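Start from the sequences, fold in the hints, and give me the full structure.
Protein chains: 2
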Amino acid sequence: MQPGDRDALWRVLEARRDHRHFGTDPVDDAALGRVLDAFRVAPSVGLSQPWHVTVVRNATLRQAVHDNFAAVRVREQDRFGGERRALYASLKLEGIREAPVGLVVSFVPPVEVTLGTTSGPSALEYSVVSAVTLAWLAATAEGLGLGWVSLIEPGGLHAALGLAPHLRPLAYLCLGHPALELHEPLLQTVGWAARRPLALDWRD
Amino acid sequence: MQPGDRDALWRVLEARRDHRHFGTDPVDDAALGRVLDAFRVAPSVGLSQPWHVTVVRNATLRQAVHDNFAAVRVREQDRFGGERRALYASLKLEGIREAPVGLVVSFVPPVEVTLGTTSGPSALEYSVVSAVTLAWLAATAEGLGLGWVSLIEPGGLHAALGLAPHLRPLAYLCLGHPALELHEPLLQTVGWAARRPLALDWRD
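Chain order of the listed sequences is B and Y. When the letters of the first sequence are read in order and numbered with our numbering, they come out as residues 1 to 204. When the letters of the second sequence are read in order and numbered with our numbering, they come out as residues 1001 to 1204.
Hints were generated in silico from the structure; no laboratory data involved. Since the model is a prediction, treat every value here as computed from it, not as a measurement. Any given hint could be a false lead.
Footprint (simulated), chain Y over chain B, 3 or more residues, beta carbon under 8 Å [unchecked claim]: (1) 21 to 27; (2) 55 to 62; (3) 135 to 148; (4) 175 to 189.
A few chain B residues that don't get close to chain Y, going by computed Cβ distances all over 10 Å [claimed, not checked]: (5) G4; (6) A15; (7) R16.
Using N, Cα and C, we set each Cβ at its ideal position, and we do this for glycine too.
Put into structure tokens, the structure is as follows:
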């Protein structure tokens, strides 16, 4: 590392947002390559690297992913009532069709015992999440926007994309050029939720 | 962001390691504060921020955490056979007692419905993992070493530290000054596992 790298990291951390508004310009291949390269440097329990990425640029398939999302969204809306429900209905939650690239990040369950998983097997899925998080920062540093769409039913996603049987989709990421400049979480801007101070205690 | 921030991010990403060898020098309060500040900028599903951090500097409590780890390690060793078992027995897997700071990152299950969790409630725990991952980078950028010890039985950890009932320990992190310079994953250096190219396919 070099002097100034800490401040640079913090500029990237502060700039990272969950984007849902994208332009339709294509993503440069070299930039996409660097986003994917984040998986190379990601931590994983027992160095298991239990992940697989499917890059979805096909617009018909992205429409199918959006159909999946739309059905889940309807179900979720029913879980809220009153003013909250009306606000929910007004939110834009994803940019699946606009963003030129979708990334399906799948968990690949290892066939052998993995070091570090005896008391908590979820550490394997957590490794995939860490890798996604680093890819998110790599995208931010490219000036790209990334949005993690969690309202997707994984079985339907698996079928729509014809994924291999051993893959378990864990994250669907929209990647493209951001169409909105966001200086705080969008859910805070629209009044859905607010950032809170860190809940913290000490054992000295 | 500024020109050069992308390269700086990559230097931090390449420098991040899972550390198990620590000196016993204390961690500077300002540096610790910046590591914890990573939670402020972490993504979370529905802006739920479902996390809590307990900072453990007390040596007696860290010894208790180590006892928990040691018991799980014995169980895990039994899952390997032959040469693999002998290699496992030789590995240093944590620095709980040497590292002057332990961080227990707990998941705090929200009491209300969280936006974005209808098709995958695990997105809440995943948010905690993303935050831990950012804290890991923040520590790296401080020149500190961090190690995620996944071989800890969460119920015993909860009891030993007297955590509040609503907290579910998800990660135990060792934080301190690294005593070994690592240029690749330690598990690769010792021949336990090797990095693989990213498994990738395309839907164009």
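Against the structure, the hints come out as follows:
Under the rule that three or more residues need a Cβ within less than 8 Å of chain Y, the assignment of the region 21 to 27 of chain B is violated, with 0 such residues. By the rule of at least three residues with a Cβ nearer than 8 Å to a Cβ of chain Y, the coverage given for the region 55 to 62 of chain B holds, with 5 such residues. For the region 135 to 148 of chain B, the proposed coverage by chain Y is satisfied: 8 residues have a C-beta within less than 8 Å of a C-beta in that chain, meeting the threshold of three. Counting residues of the region 175 to 189 of chain B whose C-beta sits closer than 8 Å to any C-beta of chain Y gives 3, which meets the bar of three, so the coverage hint holds.
At roughly 7 Å from the closest C-beta of chain Y, the C-beta of G4 (chain B) falls inside 10 Å, breaking its exclusion from the interface. With a cut of 10 Å on Cβ distances, A15 (chain B) falls inside the contact zone with chain Y, its closest approach being about 5 Å. The claim that R16 (chain B) is not at the interface with chain Y is violated, since a C-beta of that chain comes within 10 Å of its own (minimum 7 Å).
Violated hints, listed in ascending order, are 1, 5, 6 and 7; each of the other numbered hints is respected by the structure.
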